[in-house]
Structures are given as structure tokens and as C-alpha cells.
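Asks: Take a look at the letters that make up each chain.
2 protein chains.
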Amino acid sequence: MRRVTINDIARECQTSKATVSYVINGRYNKVSQEMVEKVEKAVKDLGYVPSLSAKSLAGRESNLIGVIIPQMDVGEKLVFDNPFYSEFLSGLEYYLRKAGCGVVLSVINKHNGFEEMIKKWNLDGAVVFGIDNDKMLDSLGKYRFPVLLIDSYITKTGYHRMNIRDEEACYEATKFLLHGEQEPIALVTGQYEKSGLLQQRVNGYKRALCEAGCEVDLSLIYQGDITHEYGMEAAEKILKRQGVNKILATADILAYGILNQLQNHGRKIPEEYEVMGFDDTYQSRNMYPRVTTVGQNILKRGEKAGELILKIIGGQQVEKENYMDFQIIERDTTR
Amino acid sequence: MRRVTINDIARECQTSKATVSYVINGRYNKVSQEMVEKVEKAVKDLGYVPSLSAKSLAGRESNLIGVIIPQMDVGEKLVFDNPFYSEFLSGLEYYLRKAGCGVVLSVINKHNGFEEMIKKWNLDGAVVFGIDNDKMLDSLGKYRFPVLLIDSYITKTGYHRMNIRDEEACYEATKFLLHGEQEPIALVTGQYEKSGLLQQRVNGYKRALCEAGCEVDLSLIYQGDITHEYGMEAAEKILKRQGVNKILATADILAYGILNQLQNHGRKIPEEYEVMGFDDTYQSRNMYPRVTTVGQNILKRGEKAGELILKIIGGQQVEKENYMDFQIIERDTTR
DNA sequence: TTGTACGCGTTATCAA
DNA sequence: TTGATAACGCGTACAA
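The listed protein sequences derive, respectively, from chains D and U. Heads up, the first sequence is in full-length UniProt numbering, so the first residue is 1 and it goes up one at a time. Heads up, the second sequence is in full-length UniProt numbering, so the first residue is 1 and it goes up one at a time.
Since the hints were made in silico from the structure, they are not lab data. Some hints here could point you the wrong way.
Copies of the same chain are indistinguishable here, so a pair counts whether it falls within one copy or spans any two.
[What the hints assert, rightly or not] Think about it this way: if two alpha-carbon atoms lie no more than 30 Å apart in a straight line, the pair counts; the simulated DSS-like pairs of lysine-lysine are: (1) LYS120 - LYS38; (2) LYS38 - LYS119; (3) LYS119 - LYS44; (4) LYS119 - LYS30.
All chains should be modelled from the sequences, with the hints used to inform the complete structure.
Replies: Pasting the structure below:
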């Protein structure tokens with residue numbers, strides 16, 4: 001069965017491609033009412049759907065937004081294993097779908113992969129996750145390519161960004177966990193030298209401790225992969241330390257591992273150990289006990305990202321820095 | 001900064017578009033060695049990346065595979081909230097990316113959405129989830145469009161499918177949970193009249209019970225949404241029944257809800273209640289206790305689906321029915 | 001190896 | 001105001 005093209009519609013209606021194009025794109029002022037109806041009927045009858053390829057080639061825009069996830073580190077396979085991405089994408093995809101845009105997902109692990117992506121798909125813009133070195137971005141500068149940076153602490157100015165106030169969020173979380181007391185809090189986190197985001201969170205943790213008059217014991221900061229396994233590993237170590245009964249993790253997935261290990265050892269949550277996570281991933285609501293965490297409303301952030309990138313592409317005035325709300329979500333792993 | 005096109009390369013190398021095209025597509029036998037090098041250098045220097053739109057328009061293929069998830073029922077927003085899809089997509093995307101194909105994701109909620117999708121993107125083929133009525137597929141028949149059906153129990157023949165043996169898997173699961181005893185097992189599941197897959201699983205459950213000489217008590221089958229919430233709700237009801245201490249869920253997410261509720265009521269797992277899930281979603285390994293479940297190696301299934309759809313598109317001989325392995329994964333929620 | 005028609009829409013220009 | 005003509009965008013593939 002052959003493809004139905006704009007020419008078929010034009011022939012059917014005994015008119016020209018141009019007219020059909022006008023109707024399809026809602027330029028009704030260029031076409032008479034009866035022609036509009038005629039064309040629309042034909043489109044429906046023949047089941048005509050414009051080809052995005054042709055559209056993208058002809059027009060200036062592709063209606064395609066790239067979502068770019070750089071992953072030099074981890075295995076390249078596990079895009080969706082990180083529930084943060086999954087949820088964020090749900091929101092983003094949903095918003096963009098409503099706006100008639102497609103999403104092209106790409107996990108990048110080489111420096112020029114970014115540029116390649118843009119050219120290959122004629123992307124109109126891109127939402128880029130967690131970039132902290134600006135090598136990748138340099139090439140984009142030349143193109144004035146519309147980009148929205150998510151959770152990026154890049155120093156270079158000029159880029160649109162969407163973040164939460166990580167320092168403040170972790171400060172609040174630490175304070176919450178302190179309950180006004182002066183007990184030590186272990187921090188379990190990823191390698192933070194490499195990550196601006198984690199640095200911010202660690203800073204917030206330290207600030208809260210200082211303010212409460214606690215000493216900052218660096219040996220209480222456990223760094224490793226941001227995985228369930230490392231959470232378990234860190235918990236194992238923390239279990240050996242006397243008097244450390246509060247644990248803050250900079251990612252929910254770490255908190256799950258910690259909780260798992262603690263419970264393996266028969267520890268009562270939250271009576272013996274208090275644990276707090278970060279992000280409020282879907283799973284935090286499904287665990288037992290339900291995890292107290294810092295919520296950043298991931299789904300909504302995804303939608304907001306869609307809104308922002310579309311505005312940026314459209315040349316509308318958009319703040320360079322966009323901070324989203326966070327909130328402490330108290331559940332069952334803290335007192 | 002203007003786009004670098006094939007013409008730019010041709011000009012740079014003082015040759016024709018055709019030659020450049022040959023080099024890019026590896027038809028080295030059509031071009032002299034030195035020209036190959038010259039072109040490849042120019043491609044690199046100018047940063048040329050072929051436009052997929054043009055390629056798709058010119059050639060017969062788009063190198064795009066559609067992933068189609070029909071969702072008449074649930075909210076349209078939550079594509080990735082179902083971890084089954086997330087993991088499956090991880091595997092699929094990974095495989096197709098290696099093969100140089102893009103994935104276009106689409107959540108369909110109207111009958112013709114499918115066809116529209118194919119035309120819009122010039123899809124080469126599609127992987128389609130859980131279709132049980134064939135209305136949607138009818139339109140495809142005409143096109144001889146390459147399709148791979150996942151977890152579909154459609155009666156109509158002629159389509160390629162990839163399933164697990166759901167009846168058998170649930171039979172085995174039930175038998176496992178029985179431990180050779182004759183105790184009743186509650187089954188928590190989605191609405192199974194609508195779903196061929198769930199019907200199979202329910203049948204397996206019944207068969208195992210019969211074989212073990214247990215009576216099949218229909219009031220022990222709890223049907224609702226496939227959500228964490230419904231899992232909790234069902235558990236609440238089961239808690240009120242004396243002598244029912246084994247629960248099988250036809251989806252992991254249901255099992256999580258059940259476990260959560262059971263633990264809320266202070267029940268010991270697996271001493272007082274045994275619970276078993278289905279699918280072995282990522283989360284099952286992260287829970288406490290870790291969930292005993294029927295593993296179907298979702299990631300691998302995703303990769304296999306990529307392999308299959310590519311073969312189907314390529315016109316290679318592929319079995320119409322492809323059954324994947326499952327295995328009982330014994331963890332901590334059963335004795 | 002190269003020239004060139006072709007695929008499918010968009011849009012500027014021109015005509016009625 | 002309404003509609004037609006034609007150039008254009010970028011690769012592919014076949015004829016020369």
C-alpha cells in the first residue's frame with residue numbers, strides 16, 4: 001500500500017500542494033472556506049499524515065527535542081534503571097507530546113556525541129542532564145543552539161538552567177534529621193569531587209552541622225557509586241560505628257540499600273536508625289518502611305523542562321536560572 | 001553556523017555528491033582508495049553528519065523503530081512509572097542503538113494512533129505491547145508492516161510475537177508456593193477478562209491448584225488495578241481471612257503493595273505470610289525483604305525484541321512465536 | 001565516477 | 001482574497 005502524500009490530496013481536491021499545505025497548517029486566511037473543508041475531508045478519507053522527514057527537511061524546524069544523558073561512567077545499558085530519569089522523562093515526554101513534539105533520547109559517552117546528535121536529527125533544542133565540565137557545551141556555543149541544562153553546576157554563563165537549590169535542600173534535610181539535637185549524621189553519597197550537584201549537597205550538610213554546633217567529621221562521609229549496592233556497603237560500615245544512628249543519603253537509591261542492609265541486621269527503623277533519602281523517586285512511596293526524603297517532584301520538573309525548552313526555542317524571554325521547589329517529605333524512616 | 005551538507009563535502013573534495021554518499025555508506029568498491037581518504041578527512045574536518053530526515057526521505061528506510069504502548073485505560077502520563085516498560089526499553093534501546101537505529105516512543109490511546117505514528121515517522125517497523133483486540137492491528141495488515149507483538153494473546157494469526165509461557169510460569173509459581181502442601185493461595189491480579197496475558201496466568205494458577213488437589217476458591221482471586229495501591233487494598237482484605245497465608249501476585253508492583261500492607265500490620269514475612277510476585281522488576285531486588293518472584297529477564301527480553309524486529313524488517317526468516325525463558329527466583333518473601 | 005531525477009513538504013513569488 | 005507555480009532542502013540510486 002503506497003504512502004499517501006500531499007500530492008494525492010492535491011489531486012483529489014483538484015488543487016495544488018501549496019493549498020493543501022496551507023490548510024494543514026491552519027493558514028486559513030489563504031484559503032477559502034469550502035476548500036478547507038474539501039481538503040480536510042480528503043485528508044481524513046485517504047488517511048493522510050504528513051511525513052516528519054519531509055517536513056523537517058523542508059521547513060526550518062523538526063519538532064524534535066533531544067534528551068541527552070551523558071554517561072561516561074556507568075554501563076551504557078542502564079538508562080532507565082535510574083528511576084530519576086524515568087520519572088523525569090515521563091513528565092517531559094508527556095508535556096512535549098501534548099505540544100506536538102517528539103523526544104529523541106540519547107545516551108552520550110563521547111565528547112562530540114552531542115553535536116552529532118543535533119545534526120543527525122535536526123533537533124530544535126535539547127534538554128541536557130548533569131553536565132559539569134563545559135567541553136561538551138563549547139561546540140554548542142557556536143551554534144547558538146537552544147539548550148536547557150538540568151542539574152548542572154557549570155560555571156560558564158549564558159546557558160539556561162533548571163535546578164533545585166541543592167545546598168539549601170540538603171541543609172534543610174540535615175537540619176530535619178538533627179531534630180535540634182547534636183548527634184552525628186553519616187552522609188552517604190556519590191563521588192562528589194566530580195559532581196557540582198553533590199558538592200552543593202555536601203556543603204549544605206556541612207553548613208547545617210556547623211550551625212547546630214556539631215563538628216564535621218569527614219570520616220562520616222561515605223563516597224561511592226550511586227547504587228543500591230553501595231548503599232548496602234556503606235551501611236555495613238556505619239553499623240560498626242558506635243553512636244552513629246542517623247544516615248542521610250544524597251540519592252534515594254542509596255537510601256534503599258542502606259535500609260535493606262540495616263534491616264538485614266535486624267535493626268529497627270526508625271527507632272534504632274533514622275534514614276533519609278533524596279529525590280523522592282517513585283519507589284520511596286512503595287518501600288516498607290516508606291522512606292523519608294527530600295521531594296523534588298520529579299514528574300513536574302520534567303513537565304516544566306518541556307515548557308522551558310519550548311520557550312527557549314521559541315525565542316521567548318526565559319530566566320537563565322530556574323529554581324524549582326523542594327520539600328521535606330516526612331514518612332516512616334525518621335522519627 | 002550553517003549546516004554542513006553532503007554538497008559541502010563534495011565541493012571540498014572536488015567530487016560529486018554520489019561519490020561522497022558511497023564513501024559514507026561504505027561502498028568502497030565504487031570509489032578509489034585515495035578518494036575515500038580525502039572524503040573521510042573532509043567529513044571529519046567539517047564535522048559533517050548526514051541528516052536523518054533527508055536520508056529517510058530519499059531512501060526507503062528511516063532506521064526508526066516505533067515502540068508502541070497502548071493505554072486506553074490508565075492516565076496517559078505515566079509511561080515510565082511502570083518499571084516493566086522502563087527496563088524493557090532499556091534493553092531494546094540499547095540493542096537498537098548499537099545497530100544504528102533510533103527508537104520513537106509512543107503512547108497510543110486512539111484506534112488510529114498506530115497508523116498515524118507509522119506514517120508520521122516513516123517507521124521501518126514497530127514493537128507493540130500488550131494488544132488483545134485486533135482492531136488496531138487490522139489497519140496494519142494492509143501494509144504488511146513489520147510488527148513484533150509483545151505479550152499479546154491475539155487470536156489472529158500471521159503476526160510475529162514474543163511472549164513468555166505465562167500459563168506455565170504461573171503454574172510453576174503456584175506450585176512453588178504450595179511447597180507440596182494443600183493450603184489456599186490468594187491470587188492478586190489485574191482485571192483478567194480484558195487481558196489475555198492475565199487469563200493465562202490465572203489459568204496456570206488454577207491448574208496448579210487442581211493438580212495439587214486444592215479446591216479453586218474464586219473468592220481468593222482479587223482483581224483490581226495493577227498498582228501499588230490496589231496491592232495494599234487486596235492485602236487488607238486478605239488479612240481478614242483466616243487460614244490464608246500465601247499470596248501470589250501477577251505483577252511485582254502488586255506484591256510490593258501487599259508486602260507493605262502486611263508489614264504495616266506487623267506481620268512477619270515469610271513466617272506468617274508468604275508473598276510472591278511476577279516479572280522480577282528491578283525494585284524486587286531492592287526491597288526489604290527481597291521479593292521472591294517469577295523472573296523474565298526483562299532487560300534481555302528487550303534486547304531480544306530489538307534483534308527480532310530488525311530481522312523481521314530485514315525479511316529474514318523468523319519464528320512467528322518466540323517464547324522466552326522464565327525462572328522462579330527464590331528470595332526472602334517465601335520459605 | 002558523475003550527472004540528475006526523485007521523494008515530500010514549505011514558502012516566496014506571481015497571477016487571477 | 002484565493003490559488004498556482006516553482007525553487008529549495010539533503011541524500012539516494014540509476015543511467016550515462
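Asks: Could you run down the list of hints and mark each one as holding or not?
Replies: Verification of the hints:
1. For the identical chains of this complex, LYS120 and LYS38 are inter-copy neighbours only, at 22 Å across copies versus 37 Å inside a copy, given an alpha-carbon limit of 30 Å.
2. In this assembly of identical chains, LYS38 and LYS119 lie within 30 Å of each other by CA distance solely across copies; the values are 22 Å between and 38 Å within a copy.
3. In this homomeric assembly, LYS119 and LYS44 come within 30 Å of each other (Cα to Cα) only across copies, at 14 Å, whereas the closest approach inside a single copy is 33 Å.
4. Taking the closest pair of Cα atoms, LYS119 and LYS30 come within 30 Å of each other only across two copies (27 Å); inside a single copy the shortest separation is 33 Å, beyond that limit.
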